[in-house]
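Novice: Letter by letter, the chains look like this.
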Amino acid sequence: MAIHINGVFNNNLINSIKSCKVLVVGAGGIGCELLKNLVLTGFEDIEVIDLDTIDVSNLNRQFLFQKQHVGKSKSQVARESALRFNPKSNIVSYHDSIISPEYGVSFYKRFTLVMNALDNRTARNHVNRMCLAANIPLIESGSSGYLGQVTVIQKGLTECYECQPKPVQKTFPGCTIRNTPSEPIHCIVWSKHLFNQLFGETDDDEDVSPDAADPEQVGEAGKNALASESNDKGNVNRVSTRMWASSRNYDPKKIFHKLFHDDIQYLLSMDKLWQKRRPPIPLKWDDFIEDESCTSSKDDLIKDQRPWSLAHCREVFSKSIDDLKKKLNALKEGDHLVWDKDDDSSMDFVTACSNIRAYIFGIQQKTRFDVKSMAGNIIPAIATTNAIVAGLIVLQGIKILQEKMNECKTIYLNRKPNPRKRLLVPCVLDKPNPKCYVCSEKPEVAVQLNVEEMTVKTLEEKVLKGGLNMVAPDAVVDGTGTILISSEPGETDANNDKILKDFNIIDGTRLSCDDFLQNYNLLVTILHSKEVEGEFKIVGDHEKLKKEQEEAFNKKEQNGKAETAVPGGSKDGFASIVDDDDDLVCLDDSDVRIEEAKKRKSEPEPSEVSKTKKIKLDSEHEIISI
Amino acid sequence: MVLHGNNSTISEDEAALYDRQIRLWGLDAQKRLRASNVLVIGACGLGAEVIKNLVLAGVNSLKIVDHRSVTEADSYSNFFVPHDSEEKNVALASLERVQNLNPMVNVTAEALEISQICDNYLSQFSVVCVCGGSKEEISNLNNKCREFGILFFAGEVYGMHGYFFEDLIDHSYVEEVKAKVETGKSDEKESSEETKMVKRQESFIPFSTAIDIDWTSQKYGTRLKRTTPSLFILNVLHEFSFLHKRRPDPSRREEDEIELLTIKNSLLDKLSVPQGKLSNDFVKSIFGQVSPICAVVGGVLGQEIIKAVSGKDAPLNNFFFFSPDDGAGVVENFGY
Ligand SMILES: [Zn+2]
Numbered sequence: 001m002a003i004h005i006n007g008v009f010n011n012n013l014i015n016s017i018k019s020c021k022v023l024v025v026g027a028g029g030i031g032c033e034l035l036k037n038l039v040l041t042g043f044e045d046i047e048v049i050d051l052d053t054i055d056v057s058n059l060n061r062q063f064l065f066q067k068q069h070v071g072k073s074k075s076q077v078a079r080e081s082a083l084r085f086n087p088k089s090n091i092v093s094y095h096d097s098i099i100s101p102e103y104g105v106s107f108y109k110r111f112t113l114v115m116n117a118l119d120n121r122t123a124r125n126h127v128n129r130m131c132l133a134a135n136i137p138l139i140e141s142g143s144s145g146y147l148g149q150v151t152v153i154q155k156g157l158t159e160c161y162e163c164q165p166k167p168v169q170k171t172f173p174g175c176t177i178r179n180t181p182s183e184p185i186h187c188i189v190w191s192k193h194l195f196n197q198l199f200g201e202t203d204d205d206e207d208v209s210p211d212a213a214d215p216e217q218v219g220e221a222g223k224n225a226l227a228s229e230s231n232d233k234g235n236v237n238r239v240s241t242r243m244w245a246s247s248r249n250y251d252p253k254k255i256f257h258k259l260f261h262d263d264i265q266y267l268l269s270m271d272k273l274w275q276k277r278r279p280p281i282p283l284k285w286d287d288f289i290e291d292e293s294c295t296s297s298k299d300d301l302i303k304d305q306r307p308w309s310l311a312h313c314r315e316v317f318s319k320s321i322d323d324l325k326k327k328l329n330a331l332k333e334g335d336h337l338v339w340d341k342d343d344d345s346s347m348d349f350v351t352a353c354s355n356i357r358a359y360i361f362g363i364q365q366k367t368r369f370d371v372k373s374m375a376g377n378i379i380p381a382i383a384t385t386n387a388i389v390a391g392l393i394v395l396q397g398i399k400i401l402q403e404k405m406n407e408c409k410t411i412y413l414n415r416k417p418n419p420r421k422r423l424l425v426p427c428v429l430d431k432p433n434p435k436c437y438v439c440s441e442k443p444e445v446a447v448q449l450n451v452e453e454m455t456v457k458t459l460e461e462k463v464l465k466g467g468l469n470m471v472a473p474d475a476v477v478d479g480t481g482t483i484l485i486s487s488e489p490g491e492t493d494a495n496n497d498k499i500l501k502d503f504n505i506i507d508g509t510r511l512s513c514d515d516f517l518q519n520y521n522l523l524v525t526i527l528h529s530k531e532v533e534g535e536f537k538i539v540g541d542h543e544k545l546k547k548e549q550e551e552a553f554n555k556k557e558q559n560g561k562a563e564t565a566v567p568g569g570s571k572d573g574f575a576s577i578v579d580d581d582d583d584l585v586c587l588d589d590s591d592v593r594i595e596e597a598k599k600r601k602s603e604p605e606p607s608e609v610s611k612t613k614k615i616k617l618d619s620e621h622e623i624i625s626i
Numbered sequence: 001m002v003l004h005g006n007n008s009t010i011s012e013d014e015a016a017l018y019d020r021q022i023r024l025w026g027l028d029a030q031k032r033l034r035a036s037n038v039l040v041i042g043a044c045g046l047g048a049e050v051i052k053n054l055v056l057a058g059v060n061s062l063k064i065v066d067h068r069s070v071t072e073a074d075s076y077s078n079f080f081v082p083h084d085s086e087e088k089n090v091a092l093a094s095l096e097r098v099q100n101l102n103p104m105v106n107v108t109a110e111a112l113e114i115s116q117i118c119d120n121y122l123s124q125f126s127v128v129c130v131c132g133g134s135k136e137e138i139s140n141l142n143n144k145c146r147e148f149g150i151l152f153f154a155g156e157v158y159g160m161h162g163y164f165f166e167d168l169i170d171h172s173y174v175e176e177v178k179a180k181v182e183t184g185k186s187d188e189k190e191s192s193e194e195t196k197m198v199k200r201q202e203s204f205i206p207f208s209t210a211i212d213i214d215w216t217s218q219k220y221g222t223r224l225k226r227t228t229p230s231l232f233i234l235n236v237l238h239e240f241s242f243l244h245k246r247r248p249d250p251s252r253r254e255e256d257e258i259e260l261l262t263i264k265n266s267l268l269d270k271l272s273v274p275q276g277k278l279s280n281d282f283v284k285s286i287f288g289q290v291s292p293i294c295a296v297v298g299g300v301l302g303q304e305i306i307k308a309v310s311g312k313d314a315p316l317n318n319f320f321f322f323s324p325d326d327g328a329g330v331v332e333n334f335g336y
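Note that the protein sequences, when read in sequence, are chains U and B.
full-length UniProt numbering numbers the first residue of the first sequence as 1 and each following residue consecutively.
full-length UniProt numbering numbers the first residue of the second sequence as 1 and each following residue consecutively.
Bear in mind the hints are in silico, worked out from the structure with no lab data behind them.
A portion of the hints provided could be inaccurate.
Stated by the list, open to error - What follows is a set of in silico ranges between Cβ atoms, one per label pair, in the way DEER data are often shown: (1) S182(U) x D28(B): 52 to 62 Å; (2) E452(U) x D28(B): 51 to 61 Å; (3) G221(B) x P307(U): 39 to 49 Å; (4) E202(B) x E80(U): 54 to 64 Å; (5) P274(B) x Q305(U): 52 to 62 Å; (6) K199(B) x P307(U): 48 to 58 Å; (7) K276(U) x E176(B): 45 to 55 Å; (8) C118(B) x L301(U): 51 to 61 Å.
Values in this document were obtained by computation on a predicted structure and should not be read as measured data.
We put the CB at the ideal spot given by N, CA and C, even for glycine.
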């Protein structure tokens, strides 16, 4: 309740709320709660956008939706349900992606406030840029399990969403996945890659066959034995997994034999790999018999939580391949399936494959329930956290409408009260990072990549769109004026497969990149490097990287030991955002902060240790770093 | 007690509906949640938030009790009340929309005053949560709940301010504790974290003991500086409702503001608490029930009830206060 009842708010605030035009981006967990709070508070001019449709697993928290709405548009049903709470409100809904070109700077300029209720970084990056370009205040939010966070972004006054580098998603070395898995997740990643090789969009980075170029096995027996079969990259040359399987009509028995017997035999021939490891055991289709024991005993568990026997895995493997083959054949020539955790055959396939592979390598097997969490990267969301976060969003919005921008805070919802007895912890908003490659006056960024290998297409898709989050970039080589990439369809298609070097792009070359939709110009400095893990690396601050590389080099000299620098890794703001139950971020809790700072200072850690620590923090708290 | 189905198994429909939360708090916690029977007294803005959170989470049954008729203010704070239901009982008017949230929960509503709730009636519940109510009503109900071993919660939202209290009597729970484990070979040491479940026990005190604080005592005298001023807002509002048998009314804002300040002055003097501890500005922001505050307080309160009935995670012992000025949510431990 608020503006409709005289005497709750003062007249100034009532008028500001009445005339406020607010954009809600996302009608999911936080979005549903947010719409309810907005209409009850008296916001009467709301627009909401969401691309998603309603799934049954949403219903335990997205309370504007009910069973009969499953499959319908989230934004449309949310609009109808929220209007019943306050028929005086006007809500416009869009069943669409916020990244679509229809929602340009002029769309954003119509609003007083933008409130993000998103669940992915790509869309958050994009809305961040659009709000900067339109100069509209943005309230950003996120939740994960019991943890939540709300913050405010205003151009020139606060940090933007991209001012601090975000932890990257953990990836595993190719050899671990292909040759020497040691954890369940390695088998699950392998199985998802296998899915794409057989039924999905194939990606050279997702090869599932043994990797003869494993550095642990340099020039040894295994490679020699099969050298004739492998190409220059070390991959065993077997046409493609897709063509191989297709030529055998996706016969589950033959695929099984290839993956779980022949390929494992091949791995065994790379004997160096198994000197310190338990060697894998090749498996034949008939190596084990039916058994019923697994399903009967654990009646009190839900179906997906019951463990599968090997025989059951084989049965599911066979059936899911048949199902997926049918689905693939039903598609147009050249089309492919997309792995989806909510598609039963896709989930069955990955569960069965990863458990069979886990068995072969002596790794703990996982239930379908657990495989789904890991393969689907499920971040469990609950109603209460979302309700709290959505409440805090509106409170920040009210502060902005009262022109009390200086009182806006980043607020963290913790799982437990901190030493200052706070469960909800307000922290002062940080100033913009002057070197931010998004919100600074003249955005600049450096990217490490190999100019002798990278194609223009890869630069566009993986670096500019994937890494730097542009939507439709134009790229011009600084100095020569060569148009490398054009956002006009077809204009630079001829460049796609050419190597950057062909355009005289060398170490230090600068590319002037421009995204019309985001109203965003970025000067990209290319740093040539032959050893970049994962094709390219974005270096927020060129100068800083240089310094860190020098420091790392000096350290290496001193210690006589190989260590790698982690650019941006030990940056304060980086650590602070992944923090959940202590206070080192909070300026107003100064004593605790100083204590923390002291503690960190007094523990000089070798960079290797701090690196592992960082990765752990990141993977665990990735979530709250909205 | 109303139970449905076989209590020890979760059906596949339930597994699909509660999938995400089972991933978070586990199947055992979900089973205990599903065995709980909750009474929510007070279908106000805060009550609606608590009801929503518990029905979505999947308790066995939830009963809504309130004696009031729907007012215009209700229809902008309790979002379960349809806009055409003025003069109907507010609990009964909420029923249909609450039930629509989750057909698997047995939801009922009744028009009753707190004073009409007898022992026999109470004994069918495992949790009682009262939203609103006077200090005496809260204390009496809390004491009755203690007799039956019923988990007790009380909360209220005043304008932009909110609080709740909890008394779990003698509460056992399990908590995840993370321990570092070093794995891998010596040259590529990887330390991973292992999660262990640890059993713990915690004792609570009743509201009447917790709320009566002697600020002249040495213990509380030194704690005063670090105590949230929100506690004294609660003291003032309890006194107001004791004297006037109602909450401060937005339509009588001018006179009520003056009365609240008068109460504040005499009350803080009586408690030997300096007047400066609570700024007079509080009277500007305590009228009505502002929805986002209901959402925040009702969210934390709802999660506390879920934690308590599922016997998982450390409870907040024993007060939570939310203040809008800095957005802080503070946990206080009073009366010990
Ligand atoms: Zn920035």
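Novice: Each of the hints needs a verdict: does it hold here or not?
Specialist: Cross-check of the supplied hints:
Hint check: S182(U) to D28(B), Cβ distance near 30 Å, so the stated range 52 to 62 Å is violated. One distance hint, 51 to 61 Å for the beta-carbon pair E452(U) and D28(B), holds here, with the actual separation near 57 Å. Hint check: G221(B) to P307(U), Cβ distance near 60 Å, so the stated range 39 to 49 Å is violated. Between E202(B) and E80(U) the CB atoms are about 44 Å apart, so this pair departs from the stated range of 54 to 64 Å.
As the Cβ distance of P274(B) to Q305(U) is approximately 58 Å, the hint placing it in 52 to 62 Å holds. Checked against the hint of 48 to 58 Å, the C-beta distance between K199(B) and P307(U) comes to roughly 26 Å, which is inconsistent with it. In this structure, K276(U) and E176(B) break the distance hint of 45 to 55 Å, their C-beta atoms being roughly 33 Å apart. Distance hint for C118(B) and L301(U): a CB-CB separation of about 41 Å, inconsistent with the stated range 51 to 61 Å.
This entry does not satisfy hints 1, 3, 4, 6, 7 and 8, going by the numbered hints stated previously.
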